[in-house]
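Asker: The chain contents come next:
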Amino acid sequence: MLEKKHKEAISVKSFYSDKLNEKATKIRKHISEGDSSVWHFEKTIEKSTEQAALLDATPIDKRVSMPLWGLDYGVKDLFSMKGLPCTAGSKFLQNYIAPYNADVIDRIAAKGALAMGRTSMDEFAMGSFTNTSFLGRTSIPGFQDYTAGGSSGGSAGALRAELFDFTIGSDTGGSVRQPAAFCSLVGYKPSYGAFSRYGMIAYASSLDQAGFLTHTTQDMKYLIDSIDTNKDLKDPTTTGFTKNYQSKKISDMTVGIFPEIFASDAISKEVKEAYQTKIGQFKDLGIECKEVSIGLLKDCASIYYIIACAEASSNLARYQGVFFGQSLIENQSVSNEKDYWDMVAKHRSEYLGLEAQKRIILGSYVLSSEKFDAIYKKAINKRNELRQQISDAFNTVDYLCLPTFPTKAPAWDEISKMTTQQIYMADYLTVGFSLAGVPAMSVPIHKGAFDINKTIGMQYVGKKMQDYQMICDINEIEMSM
Amino acid sequence: MDIQKLSKISGLKPSEENIEKLKTSLAGVFEMMESIEKMPTNHKENENNSITLFENVPSAMISKNEPHIGIHIEDGFFLAPKVIQKNN
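As they're listed, the protein sequences go chains P and F.
Numbered by the working numbering, the letters in the first sequence go through residues 81 to 561 in order.
Numbered by the working numbering, the letters in the second sequence go through residues 68 to 155 in order.
Just so you know, the hints here were simulated from the structure itself, not pulled from any lab data.
Just so we're clear, the structure is a prediction, and the values are computed from it rather than from any experiment.
With the Cβ distance kept under 8 Å, some of the chain P side facing chain F (calculated, not the full set):
#  : residue
1  : Asp-379
2  : Ile-386
3  : Val-424
4  : Gln-437
5  : Ser-444
6  : Tyr-445
7  : Val-446
8  : Ile-455
9  : Lys-458
10 : Ala-459
11 : Asn-461
12 : Tyr-504
Stretch-level coverage of chain F by chain P, calculated; a stretch enters the list once three of its residues show a Cβ under 8 Å from a Cβ in chain P:
#  : stretch
13 : 69-75
14 : 79-89
15 : 92-104
Glycine included, C-beta positions come from ideal geometry on N, C-alpha and C.
One chain only, chain P, in its complex shape:
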């Protein structure tokens, strides 16, 4: 679909300017009807108009060499885009205007796509349902009783509503894959280090990755085919990846499946049935399904939240209302250290939401001298063991496949009854692969028109830095189903 749209667009003289007018009308209508998946639209439209005019001035012969020319996209509100608001869903950053572009944005812009809006999210990407930001919660467009997922709920919701051609999110522990599942979309979390984190507002630096959402695996392949994936010197943890693909017959592939999913009380009946259907589809295609087990899978959520909260407490320490974040006081002047820290605490308690405060407190707890060895260091050790277990699982299979989330998209009243512990534990199917830094992609089980009762995703997991091979193989498999 993306490729077709690109080809149809390149010969149209003022394509982007016309499209922007149409899309602006559509986005404003959605906003007026209560859809909150797009933020700051009136503040970003001027910049989009300027960019549209510049892109329309591109000669047609040059447009051909820009494979994303003619396509528009929405960007999660934690990617810096020069001159535009970038709040990360936090009141602390409500007046912040980014002074430069995130590397991922530059790479997409270089291929001719137009960023047309900022998408909603949980505060600092901390949340599973896009309900922790100061700008309110985000539902699946047209289904206001159901969460769009989180933390990239706006990127998923806006794409579900077809406000953009594709969207960008970020995935620290499942924040692209899970909303993709809830909105019946394809969500890709790259290997850690595959894409630069330069210009992304940090949550947990050893886990944060940019991620992508599209309607189909074919579109995902086209998108990744179009973007440069070489390393970025501005982020030393980036390696990039080469787009090598070794063609393999589907019937020669082996997928690892998890029998414990069927025995788990945490997984809903409909998700188990969907998983069974998926396994049946693999077998119909001649794909060998081998039973695998990752011993630490059930403990992943504990390990993840220890490490993520520790890193969050460190990353968010900069928001003090002094150098970073807005200030409550116009002329800050303190005479002693105690007054200074009182002022900092006042700012942080006023401007950080309850979920961010929870995670900072948890981070302080696991990093405290009493618990550092017993909890934090042990979690680091367990992460290492988990990486080994996942790596070992790939000795006999090409991909792992398991559900993305234990249930279909929950309704808001179901979420209100969940405890914080239950919410965190529900992430256990995605967070382990974030801890291991391997690529993963959620693909909708239901391929027809959107059905709120079939908002279930299946997650494929690939070998580290074999992202391109994984994207191509999954596309082959899914296209054959």
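Position chain F relative to chain P; hints supplied.
Answerer: For chain F alone, kept in the frame of chain P given last:
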């Protein structure tokens, strides 16, 4: 768990109402995190990143001649980059 003490070391000063909310919502999470204490460890080397530190650092970033960039180690310790303030 002493939420007030933890809030203080976190640079936070939550309202009484929020302290109660935090106490209630975090009780189970502390338990969840503490469950790791009972897990056996296999004495594998600790790492704090899913990428081995030096594995993927671009060579252009490592230079002995330019002390302001790259990663430097002395006696097994990482050296933090020095912040040099210019006196205008």
